[in-house]
Amino acid sequence: MAITKDIVGRKLDRFDFTVERGKIKEFCLAINEKNPIYFDVEEAKKAGYSDVPAPPTFPTVIMFWGYPKIWNDMAELGIDLSKILHLKEEYTYHKILYPGKVYAQSEISDVKVGRAEIVTFKTTIFDEKDDPILSAEMAIFIRKD
Amino acid sequence: MAKIQFDKVEVGQTLPPLDVPVIEHANLVRYAGASGDFNPIHNDPDFARKAGLDGTISHGMYVMAQVGRLCTSWADQKDIAYFGVTFKAMTKLGEKLTVVGTIKKKFEKDGKKTVTVLVEAKNEAGEVKAGGDLVVNAV
Chain G
1 MAITKDIVGR KLDRFDFTVE RGKIKEFCLA INEKNPIYFD VEEAKKAGYS DVPAPPTFPT
61 VIMFWGYPKI WNDMAELGID LSKILHLKEE YTYHKILYPG KVYAQSEISD VKVGRAEIVT
121 FKTTIFDEKD DPILSAEMAI FIRKD
Chain Z
1 MAKIQFDKVE VGQTLPPLDV PVIEHANLVR YAGASGDFNP IHNDPDFARK AGLDGTISHG
61 MYVMAQVGRL CTSWADQKDI AYFGVTFKAM TKLGEKLTVV GTIKKKFEKD GKKTVTVLVE
121 AKNEAGEVKA GGDLVVNAV
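Protein chains in written order, with full-length UniProt numbering: chain G, 1 to 145; chain Z, 1 to 139.
Hints listed in this document are in silico derivations from the structure and should not be mistaken for laboratory results.
Treat the numbers as computed from the prediction; the structure is a model and nothing was measured.
Treat each hint with caution, since some may be false.
So the derived label-pair ranges between C-beta atoms look like this [to be verified]:
#1 Z:22 / G:26: 19 to 27 Å
#2 Z:10 / G:68: 42 to 50 Å
#3 G:68 / Z:139: 26 to 34 Å
#4 Z:110 / G:72: 19 to 27 Å
#5 G:94 / Z:86: 21 to 29 Å
#6 G:43 / Z:7: 24 to 32 Å
#7 Z:10 / G:26: 33 to 41 Å
#8 G:73 / Z:1: 37 to 45 Å
#9 G:72 / Z:52: 20 to 28 Å
#10 Z:29 / G:51: 26 to 34 Å
#11 G:68 / Z:6: 14 to 22 Å
#12 Z:139 / G:46: 15 to 23 Å
No farther apart than 25 Å at their CA atoms in a straight line, the calculated lysine to aspartate or glutamate pairs in the DMTMM-like style are these [to be verified]:
#13 Z:88 / G:110
#14 Z:78 / Z:133
#15 Z:78 / G:127
Quick partial rundown of chain G residues pointing at chain Z, CB under 7 Å, derived from the structure [to be verified]:
#16 30
#17 31
#18 56
#19 67
#20 92
#21 103
C-beta atoms are modelled at their ideal positions from N, C-alpha and C, and glycine is treated no differently.
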C-alpha cells in the first residue's frame, strides 16, 4: 500500500495534554539542558517567566505522549513505519509553552509521491482559552528499499 | 537573559558553539522515554538492522534539541519566533556533534526588528546532520 495525495487535509483526532513541570525536567535532563529556568520556578520568575517554560523542542513530547495513536494512523495511511525518517521539523511560536492544560489538533498538510515520498503533518497547540501557543510542521520521508 | 541588540549583531557573526556529549545508546533510551518517541529504529538494534540500517540511529529530534540548546543559550526563549531544521544525515551512535550558529540576515519592518541565524549540528568530519533557521525578535 502506498500513500496517495488524497489524504491531504485529513485531520487527526483532537487531543488534550497536560504539560507538567516534572515532564519538562525529565525532558531537559534527557537533552543535557541544565539552565535552572527549566527546573526551578523561582529561577524562571527571576528571568521574567511566569513558570518554568518548556524548551523549544518540547512540543514533540505533546505529540508522542499525547497522541501515541500517530503510529497507528501512519500505518493506516499506508506508511511503512520501519522505513520512515524525520525530514523536517519547524516551530512557529506565538506564546511561551508553560505547565498546564493544552489541546492539539493535527492535519496532513502536504504529501509528495513518486521517487521521494514525503508526508507533512501540521499541528497547532492551543491553550485553554483557545489561543494558539505554537504551530509545528513535521515532515517525514519514507525510504525506498 | 538580555535581549538581542539589533545594532550589535552583524551578518556573518558566529555564535559561541555548543559541544554535544558523544551520542550513546543510553542517551537515546532516555530520550525515547522523555519524548515518547519509541520508534524501535532508535532503541532496538535488531529491529534497526532488519530495517536496513547499520544499527540504531539517533532520533532527529534529539539532535534538534541540541540545536535548540544553542538557540536558548544565545537568545531569551521569549524572543524566539521561529525555529526549524531539516534533517540531512542520520546520526549514529558514537558520533560527536557540535552545534554552530551564524547570523544570516537582519531586517526591520514596521518598527519590528528581527534577526535570523543559520543553525547547524555537525559531526567531527563536518557533515551537517541538521540545519535550519532560528528567528529571534530583537530590540
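So, going through the hints one by one against the coordinates:
no.	hint	in the structure
1	Z:22 / G:26: 19 to 27 Å	21 Å, holds
2	Z:10 / G:68: 42 to 50 Å	46 Å, holds
3	G:68 / Z:139: 26 to 34 Å	41 Å, violated
4	Z:110 / G:72: 19 to 27 Å	45 Å, violated
5	G:94 / Z:86: 21 to 29 Å	23 Å, holds
6	G:43 / Z:7: 24 to 32 Å	29 Å, holds
7	Z:10 / G:26: 33 to 41 Å	39 Å, holds
8	G:73 / Z:1: 37 to 45 Å	39 Å, holds
9	G:72 / Z:52: 20 to 28 Å	23 Å, holds
10	Z:29 / G:51: 26 to 34 Å	29 Å, holds
11	G:68 / Z:6: 14 to 22 Å	43 Å, violated
12	Z:139 / G:46: 15 to 23 Å	20 Å, holds
13	Z:88 / G:110	20 Å, holds
14	Z:78 / Z:133	16 Å, holds
15	Z:78 / G:127	17 Å, holds
16	30	4 Å, holds
17	31	4 Å, holds
18	56	4 Å, holds
19	67	9 Å, violated
20	92	5 Å, holds
21	103	17 Å, violated
Hint check: violations occur at hints 3, 4, 11, 19 and 21; the rest are consistent with the structure.
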